[in-house]
Every structure is written in C-alpha cells, then in structure tokens.
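Whole structure, please, built from the sequences with the hints as guidance.
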Amino acid sequence: MKIGLVVARLEQGGAERQLMRLAAGLAQQGHRVEVLCYRGASAFDAELVAQGVVVRTAEASSRLESIALTRRWLDAFAPQVVHAFMKRASGVAVLARHARMPCRVLVSDFSTATYGRRKPSLWIALCLFGFADGVVTETDMNRRSLERLAPWLRGRVAVVRNGLDLARFQPPPTCLPTSPLRFCAVGSAYAVKNPERVVEAAGRVYRRCGAVFRLDWYGRLGLEGDHHPSAAYRRARGLAERLGIARLVTFHGETRDVERAYQGAHVLIHASLQEGFPNAVAEGMACGLPLLVGRVSDLPMIVERADNGFVFDETDPESIADAMERMLLTAPDERQRMGRQSRRLAIDWFHQARFIDDYLNLYTDMLGSENVRRLG
60 MKIGLVVARL EQGGAERQLM RLAAGLAQQG HRVEVLCYRG ASAFDAELVA QGVVVRTAEA
120 SSRLESIALT RRWLDAFAPQ VVHAFMKRAS GVAVLARHAR MPCRVLVSDF STATYGRRKP
180 SLWIALCLFG FADGVVTETD MNRRSLERLA PWLRGRVAVV RNGLDLARFQ PPPTCLPTSP
240 LRFCAVGSAY AVKNPERVVE AAGRVYRRCG AVFRLDWYGR LGLEGDHHPS AAYRRARGLA
300 ERLGIARLVT FHGETRDVER AYQGAHVLIH ASLQEGFPNA VAEGMACGLP LLVGRVSDLP
360 MIVERADNGF VFDETDPESI ADAMERMLLT APDERQRMGR QSRRLAIDWF HQARFIDDYL
420 NLYTDMLGSE NVRRLG
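The sequence shown begins at 60 in our numbering and counts up one residue at a time.
Straight-line C-alpha distance at most 20 Å; calculated EDC-like pairs for lysine to aspartate or glutamate:
1. K61 x D416
2. K61 x D134
3. K178 x E206
4. K61 x D424
5. K61 x E93
6. K61 x D417
I should point out that these hints are in silico values taken from the structure, not numbers from a laboratory.
Put into structure tokens, the structure is as follows:
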C-alpha cells in the first residue's frame, strides 16, 4: 500500500511521536511510506529516514502555500491513503485533494480541548473533517466530544490508542528501595503540564509527612528547549524554594532515555490540564508504575479499569496532595500490585503491532468503501 502521512513539522509532541512510530512500523511491513512536513525540516527527520521512510520537507509560509505544495506532493507521490496528523494538517490535506485524485483522506484530532469553543478555527476544522473519508482520535472521550460538537461526524470517528515499544518500556529488573518514595512526572514544563500546582501539592505533602518522598520532573524546561525555560517552570522552581522543598523537587530537563526515568521511580504523577492520550502515561504503565492522574482524557477510565492508582482534581493542589499522600500510605506490596496491573493493561492496549494493525484496518476499510466523500 502507498501511504502518505502529513504533518506540519516533526517535533517532540505526542502526536508527532505517534506518527513516527506509525511510519516506521508501516515501512517495516513493506508498505511504501512518505511523510510530508510542510513547515520545514527538523532533527527528527533523520530518525525516520534511517528506518526506510521517505521524508519530504518544504518551508510553506502561509496556509495557501501549504495547500499548494501538499497538492503537488499528492500528484507526484499518488498515495492510496493520505493520513494527516492534527487539526491544521488535516485541513491542509482535505483542501489539497482535488476531485481527480483517487486517494482516501484520513484526518485526526487528538484533543478538542486545545481549541476554545468560540474560536472559528475549531469550527472550520470540524467542517473540513466532514469532507474526509475518515476521522481518527486516540480516546473515547475525544470521540464523544467530536461527535457532540459535530453531529455530521457521528459514526465516522474511530479510536486508535497509542502504540508503544514494550521492549524498551518495561519494568526495571530489580525492585527499588521503598524509601524515599519517588514520584515521577514526564512532560515539557509549561503551563498546560501544570508544574506549579504539582510543586504546591508537594509542599503540602512535605508539611504533613516530612521529607519521605522525592519528585523528579523529566522533560524540556520550555517548549523551545532547556535553554528557553517557560514562565511556568520558573514559577514552579521559585515556589519549591519558597516552600523549602527545593532539595526534594528536581527538574531534570530534556532526556533521551526517558525509560530510565520511569524505571527509577515508584509512581507516575500526571497532572496535565488537557491531553489527547499522554504518551507519558502509556510509557509509565508499560514500565510497571502505579498512576496518580487528573480527570482529563480517558485517564480516570484507565485507573478504574486497571485498579492501578488514584485520580485527583488537576486544578486543585489540595486534591493532588491528597492523592500523593494516599500513595505514600499505600503498602509497598499494594503499589507493586498496581504496577503489575499497569503493565498488563499496557500490553493489551498499547502494543505496537496492535497499533499498526488498527491503522491498516482503517486504511483498508476506507479503500473498500464506495461511499467516499469528495470535495466538489
């Protein structure tokens, strides 16, 4: 099968990482895959090229130019399926296809929360989705949100959960010492990831329980890298100092071997204010960690299904602190049981082969459909 994947640019975000896993997995199965990055090259392009994926890059300066160069790429490559990642790229792919192109277009949205309900860009994206041959997201919550906002998409939105390298992300070979309890957070330290409330919660736990824990935060200190720290990171770092817990809270910055971060922790804490499905949660589960998570996305369902942790209100530091304290008071044997449950569900839900097969089934269904929507 000839498959074209479209994205603005390959970055460190979760959606881009899923695209890279998908492209590499499809190429390994013998499919002919090209990735179009219409907003320029990045350091991640070489990783895909090394795995047999052709990466085409261009520097479009406007939406119209993005559409034009995407159309030229479609004419040259002539894929059977075009799969666009995220709202903007999805709109570009829909508008780039013309009536004479036989390809099917699959569009994707991973979190409607990233767009305000009053923003015209959200409604433009949802309208354009109606001209695609299929829509995919990664959580049941977002599927319901899309179908509620855009009734014309009802019955057309598929859910494909994240794919993961379960050989890379696995529990450590030996158990860690039980004290101090190490909480691990993974994600770029900017406002959406909520570092200030997590640090404030850690301060409350310290006042109640003492220095019986550590909080390790792994991820870029700002969206543009460690050398451009975000305002949220600076405020969180200053708050840790004012609360007297700077020695207990460490922001490690960007790391290439994040699996070691999970393997050196007892518990994953994820307090983001909005998400699709966070790679950090899937990776932490695969590494056998119990979860402390907010109410966003499908995370409460994960904890309920696996009985592998506790849920808190991500907007309330007191609620986060209560969950941290509850985990501190949980017996080590019970935490280990939660970790085994995490690993078991990760194997069932996030296996790389399942991830690739789910997308191939979507592509095959679209190619076999006679009721294909087309732009006039």
